[in-house]
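Protein chains: 2
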Amino acid sequence: MPAYKAPLRDMRFLLNEIADPARLQALPGCEEVTPDLIDPVLEEAAKLCEEVLLPLNRSGDEEGCTIENGVVRTPKGFPEAYRAFCEGGWTALACHPEDGGQGLPHTLSMLVEEMICSANLSFGMYPGLSHGAYAAIRAHGSPELRETYLPRLASGEWSGTMCLTEPQCGTDLGLIRTKAVPSDDGSFRITGSKIFISAGEHDLAENIIHLVLAKLPDAPSGTRGISLFLVPKFLPAEDGRPGVRNGAACTSIEHKMGIKASATCAMSFDEAKGWLVGQPHRGLAAMFTMMNAARLGVGIQGLGVAEVSYQNAVAYAKDRIQGRALNGAKHPEKAADPIIVHPDVRRMLLTMKANIEGCRALSVLTALEHDVSLRHPDAAVRQAADDFVSLMTPVIKAMFTDMGFESAVTGMQVLGGHGYIREWGMEQFVRDARIAQIYEGTNGIQALDLVGRKMPSHAGRLLRRFFHPVLAYIEEKGEDERMAEFVLPLSKAFGRLQQATAEVARRGMGDPFEAGAAATEYLRLFGLTALAYVWARMAEVALDKADEDPTGFYRAKLGTARFFMERLLPQTGALTSAIMAGGKSLREFEEAAF
Amino acid sequence: MPAYKAPLRDMRFLLNEIADPARLQALPGCEEVTPDLIDPVLEEAAKLCEEVLLPLNRSGDEEGCTIENGVVRTPKGFPEAYRAFCEGGWTALACHPEDGGQGLPHTLSMLVEEMICSANLSFGMYPGLSHGAYAAIRAHGSPELRETYLPRLASGEWSGTMCLTEPQCGTDLGLIRTKAVPSDDGSFRITGSKIFISAGEHDLAENIIHLVLAKLPDAPSGTRGISLFLVPKFLPAEDGRPGVRNGAACTSIEHKMGIKASATCAMSFDEAKGWLVGQPHRGLAAMFTMMNAARLGVGIQGLGVAEVSYQNAVAYAKDRIQGRALNGAKHPEKAADPIIVHPDVRRMLLTMKANIEGCRALSVLTALEHDVSLRHPDAAVRQAADDFVSLMTPVIKAMFTDMGFESAVTGMQVLGGHGYIREWGMEQFVRDARIAQIYEGTNGIQALDLVGRKMPSHAGRLLRRFFHPVLAYIEEKGEDERMAEFVLPLSKAFGRLQQATAEVARRGMGDPFEAGAAATEYLRLFGLTALAYVWARMAEVALDKADEDPTGFYRAKLGTARFFMERLLPQTGALTSAIMAGGKSLREFEEAAF
Numbered sequence: 001m002p003a004y005k006a007p008l009r010d011m012r013f014l015l016n017e018i019a020d021p022a023r024l025q026a027l028p029g030c031e032e033v034t035p036d037l038i039d040p041v042l043e044e045a046a047k048l049c050e051e052v053l054l055p056l057n058r059s060g061d062e063e064g065c066t067i068e069n070g071v072v073r074t075p076k077g078f079p080e081a082y083r084a085f086c087e088g089g090w091t092a093l094a095c096h097p098e099d100g101g102q103g104l105p106h107t108l109s110m111l112v113e114e115m116i117c118s119a120n121l122s123f124g125m126y127p128g129l130s131h132g133a134y135a136a137i138r139a140h141g142s143p144e145l146r147e148t149y150l151p152r153l154a155s156g157e158w159s160g161t162m163c164l165t166e167p168q169c170g171t172d173l174g175l176i177r178t179k180a181v182p183s184d185d186g187s188f189r190i191t192g193s194k195i196f197i198s199a200g201e202h203d204l205a206e207n208i209i210h211l212v213l214a215k216l217p218d219a220p221s222g223t224r225g226i227s228l229f230l231v232p233k234f235l236p237a238e239d240g241r242p243g244v245r246n247g248a249a250c251t252s253i254e255h256k257m258g259i260k261a262s263a264t265c266a267m268s269f270d271e272a273k274g275w276l277v278g279q280p281h282r283g284l285a286a287m288f289t290m291m292n293a294a295r296l297g298v299g300i301q302g303l304g305v306a307e308v309s310y311q312n313a314v315a316y317a318k319d320r321i322q323g324r325a326l327n328g329a330k331h332p333e334k335a336a337d338p339i340i341v342h343p344d345v346r347r348m349l350l351t352m353k354a355n356i357e358g359c360r361a362l363s364v365l366t367a368l369e370h371d372v373s374l375r376h377p378d379a380a381v382r383q384a385a386d387d388f389v390s391l392m393t394p395v396i397k398a399m400f401t402d403m404g405f406e407s408a409v410t411g412m413q414v415l416g417g418h419g420y421i422r423e424w425g426m427e428q429f430v431r432d433a434r435i436a437q438i439y440e441g442t443n444g445i446q447a448l449d450l451v452g453r454k455m456p457s458h459a460g461r462l463l464r465r466f467f468h469p470v471l472a473y474i475e476e477k478g479e480d481e482r483m484a485e486f487v488l489p490l491s492k493a494f495g496r497l498q499q500a501t502a503e504v505a506r507r508g509m510g511d512p513f514e515a516g517a518a519a520t521e522y523l524r525l526f527g528l529t530a531l532a533y534v535w536a537r538m539a540e541v542a543l544d545k546a547d548e549d550p551t552g553f554y555r556a557k558l559g560t561a562r563f564f565m566e567r568l569l570p571q572t573g574a575l576t577s578a579i580m581a582g583g584k585s586l587r588e589f590e591e592a593a594f
Numbered sequence: 001m002p003a004y005k006a007p008l009r010d011m012r013f014l015l016n017e018i019a020d021p022a023r024l025q026a027l028p029g030c031e032e033v034t035p036d037l038i039d040p041v042l043e044e045a046a047k048l049c050e051e052v053l054l055p056l057n058r059s060g061d062e063e064g065c066t067i068e069n070g071v072v073r074t075p076k077g078f079p080e081a082y083r084a085f086c087e088g089g090w091t092a093l094a095c096h097p098e099d100g101g102q103g104l105p106h107t108l109s110m111l112v113e114e115m116i117c118s119a120n121l122s123f124g125m126y127p128g129l130s131h132g133a134y135a136a137i138r139a140h141g142s143p144e145l146r147e148t149y150l151p152r153l154a155s156g157e158w159s160g161t162m163c164l165t166e167p168q169c170g171t172d173l174g175l176i177r178t179k180a181v182p183s184d185d186g187s188f189r190i191t192g193s194k195i196f197i198s199a200g201e202h203d204l205a206e207n208i209i210h211l212v213l214a215k216l217p218d219a220p221s222g223t224r225g226i227s228l229f230l231v232p233k234f235l236p237a238e239d240g241r242p243g244v245r246n247g248a249a250c251t252s253i254e255h256k257m258g259i260k261a262s263a264t265c266a267m268s269f270d271e272a273k274g275w276l277v278g279q280p281h282r283g284l285a286a287m288f289t290m291m292n293a294a295r296l297g298v299g300i301q302g303l304g305v306a307e308v309s310y311q312n313a314v315a316y317a318k319d320r321i322q323g324r325a326l327n328g329a330k331h332p333e334k335a336a337d338p339i340i341v342h343p344d345v346r347r348m349l350l351t352m353k354a355n356i357e358g359c360r361a362l363s364v365l366t367a368l369e370h371d372v373s374l375r376h377p378d379a380a381v382r383q384a385a386d387d388f389v390s391l392m393t394p395v396i397k398a399m400f401t402d403m404g405f406e407s408a409v410t411g412m413q414v415l416g417g418h419g420y421i422r423e424w425g426m427e428q429f430v431r432d433a434r435i436a437q438i439y440e441g442t443n444g445i446q447a448l449d450l451v452g453r454k455m456p457s458h459a460g461r462l463l464r465r466f467f468h469p470v471l472a473y474i475e476e477k478g479e480d481e482r483m484a485e486f487v488l489p490l491s492k493a494f495g496r497l498q499q500a501t502a503e504v505a506r507r508g509m510g511d512p513f514e515a516g517a518a519a520t521e522y523l524r525l526f527g528l529t530a531l532a533y534v535w536a537r538m539a540e541v542a543l544d545k546a547d548e549d550p551t552g553f554y555r556a557k558l559g560t561a562r563f564f565m566e567r568l569l570p571q572t573g574a575l576t577s578a579i580m581a582g583g584k585s586l587r588e589f590e591e592a593a594f
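Residue numbers (full-length UniProt numbering), protein chains in the order written: chain A, 1 to 594; chain B, 1 to 594.
Bound-form chain A, shown alone (with noise of 0.2 Å):
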């Protein structure tokens, strides 16, 4: 069975040498967010992903849910490793002291679901969805909906669902069909069919919150015409706890490629009684306040499943002997080497090192911006987080993902043919890391995203965020000689991503589907770059750091942002090219012939 270490050493790395701790510190209520606060926050984490969540990550697996009459009955021992996650404040990490939550900044939070999401992708989810629901809530419910709502959400007594798609649509929300009808008392009745709701019905919180979209009667056609609506399974009573059964109820439940723990619910509303949230028809735009969260956290759903992957592909590298390191036998004492000797292998285990290191590094430093758009005193410093934030949530999302995708695939193809048997645990991963890349938006609508929405947005502004540090800090590096190796692999893929922006921004302008068509690979070339950017800072910093470092981390890192210069950030190339050739031979292609 897969073991699983947290990698607190790159955590505390990126948090008190690459992030900024003075910022975070500097924003209200993050005061005492000082290493002293998070270290034990972090250990804490880790044991409970390492000693409860891991052990029955395939037992969960092999199991799956089950449904009887309604009843979804998580996984054994899912119930009591709620308990636990609750009980241990793991709930109401991020949520709001006014809430009984803690406060802590995503910085921290965005850390701890990256050990959640190595240890126990499937158990994830549960917390995961009810954290979409409270930031929803708090964000545009009523003052009776928040009080009644988020004390239980942030507890984890009850937990919360997102409630979008539907048998027709899933991309295009403008075809839901979900009705709701205003009763006297100011609440509404939900009627409708919905698919995918994923913590749709279980049986770990002892009520479950429904955020629906629907139709008013009155509404206009399209995405305009959606409202968001709360619908709890049980009405809660007079005295706050569950009482009378809703009309909301599972009628199936998916069986899936992977995450089998997570129940994937079909559910019927049936003049099931709800509350707006937000304004009538402005369902969408409450709903994507919480999407942009959620894909923030699928992104990191791809890093901590490529994590531990890559952690059982080092321990199996290390220990199968098989074959001779081609340059001689490196332990001619045994019947052969380990297969760690091996170019190819070490290729493999370079890459997914590269990346997730990169991946980790890029996610601090956009959820630190994530806090300072939230809680900065200066209107002016939270947008120009917030822009970032936006600006990088697609590319999270979509190359964090595939990320993960890859690196579950080279992780278990390190293993052979043991990486194709269930009891190794790694193609697991494999099927388990494939949902990421579909849902909160598949990557394709995330590449959309980027080229359609935020780069023409504010005229680039957007973009500016990002453009102009890299920009900034190719030109203060420039000069250092030490950094050569570091800077001009990325300022040529710089050259290459202002170049492809300039040409996609122009195109698009007349054509949105040229736009289209250069997405995908434009949304890769952005992110690779991105990760040049901060390998060349992480490089920096271990640079000074190298040769008086007993523990061989800071060698690491510099041997690691070499292999990633020279061996994956070439990448960026191809994609230009294939950028640069615009979209005429998809466009022309006939529909019949395909």
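Check before you lean on any hint, since a few could be wrong.
Identical copies carry no separate label here, and so any pair may be met within one copy or between two of them.
Unchecked claim - No more than 27 Å apart at the CA atoms, straight line, and that leaves these computed lysine-lysine pairs for DSS-like: (1) Lys-273 x Lys-215; (2) Lys-584 x Lys-477; (3) Lys-545 x Lys-273; (4) Lys-545 x Lys-334; (5) Lys-492 x Lys-215; (6) Lys-334 x Lys-179; (7) Lys-5 x Lys-477; (8) Lys-5 x Lys-545; (9) Lys-584 x Lys-318.
None of these hints come from the bench; they were simulated from the model.
Please arrange chain B on chain A, whose structure you already have, making use of the hints.
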């Protein structure tokens, strides 16, 4: 449930317009292999695959194989399908007429194999393994062994296996421990444990013929001390029917990510009676005779799965309505447009199509050379053809299976959330295709075979079998303006391949680690250049016929060729950069730092 229609139109195009039919028909025994013979064979194969094998693919995956007291049962319907398969003569298709086979060329049987892999990869494993055993016994067995076993393997009454892997060794067969002790009657007693034995035990055939690698008492250590033995499940009786049970038993079957209807067995040999195949201590060479054919066959598995995934992704993309075309509604009368209007969906489908049709063309050209290598009267011609096949074998095995997996993943992505649900069948293709990158030598091993054996072999003679025709083609078509859009990119890719070849050869000569460090990228660069070559040749044929083609087949070829050249082939640039960077970053990374 997925549908499948064999791509007969494309297959006929390749046989008649890309391969040289006269070259095939000039081979001894192939005089009759004209369209009159080929068409009905392909059509009958298509019917069998579409109507008998495909309907068992999903149920086979759900049900899997079971074992009880050493008896393995395949899923419902498999025994009946196998009977129909044998009665149709499909096991005997490429077997020698002396053994009751039909003696048809590989050029034809490889296309049939592709269809089988599209329809039901698990099912195809059973006759596929028999074919390997047949080839090894025919090439290396004594006259008695050939007489006893070959006709029954050809008819499919008996099936075969390849027993190589043991718990402590997969890639490194020098480590095997299974022992063979001579008996007085000229037979041997085989004792040992084997794992990952496909079709090791099942209920399809009345006897199973294991080809087992084992060591004789006087064996030198390492791979030069391995011998090959034939070990039947039942010892043939006087009348040639299965007689006494031999000491070969299945102890368990593996639980795998995919190909669940293929029984993957742990086998225990306990003083089992066997006969030597080929020379003592030369078993690995004998095994490689069939391994090479098997590697081509595994490449075809990738192609087959890619094709069926593509077909179902296209069907979904034409059917599913969601969102509007970016340049304005294509079907304003409907609630939304089919998703095939979206550029990113088209990009995904064209990527699959370009890779699939390119690989199929390369497979047909290679299969023809395979037939030439076996049948041509002139030894020099046979050698030249054999060189080409030897060179292409690792490329086809690795690139086709990588492409097969990537295509299955992409096909699944086109379906969005539905792709992740088991009922739709798309995720099964991903799980099934995954194994092909691992078995018969991982794709990393294929890459090492290419740079470490095939490239330096005979001072580059094998390489020249591919480089010379490509160079001649570029020179010949360089003047043709209509061909410029295909020949220029081909020429650029080929230049990169030449540059990378020179560099890898130079560095690898002094330091094998350097060759290994470049191997995976080099194989892909080689493969993409080979695809560019066949795409240019297909485009050349299509240019003349596109205007007068009511079906659009040739226009589609041109459009796909353009897409390949513009959007996929630029990858060669990134690969070349990674190769030229060398192995330093891989070599210097400290083992403890992973």
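Right, here's what the structure says about each hint:
| no. | hint | verdict |
| --- | --- | --- |
| 1 | Lys-273 x Lys-215 | within (14 Å within a copy, 75 Å between copies) |
| 2 | Lys-584 x Lys-477 | between (40 Å within a copy, 24 Å between copies) |
| 3 | Lys-545 x Lys-273 | neither (61 Å within a copy, 65 Å between copies) |
| 4 | Lys-545 x Lys-334 | neither (36 Å within a copy, 63 Å between copies) |
| 5 | Lys-492 x Lys-215 | neither (50 Å within a copy, 56 Å between copies) |
| 6 | Lys-334 x Lys-179 | between (70 Å within a copy, 21 Å between copies) |
| 7 | Lys-5 x Lys-477 | neither (35 Å within a copy, 58 Å between copies) |
| 8 | Lys-5 x Lys-545 | within (24 Å within a copy, 62 Å between copies) |
| 9 | Lys-584 x Lys-318 | between (49 Å within a copy, 20 Å between copies) |
Checked against the numbered hints above, the structure violates hints 3, 4, 5 and 7; every other hint is satisfied.
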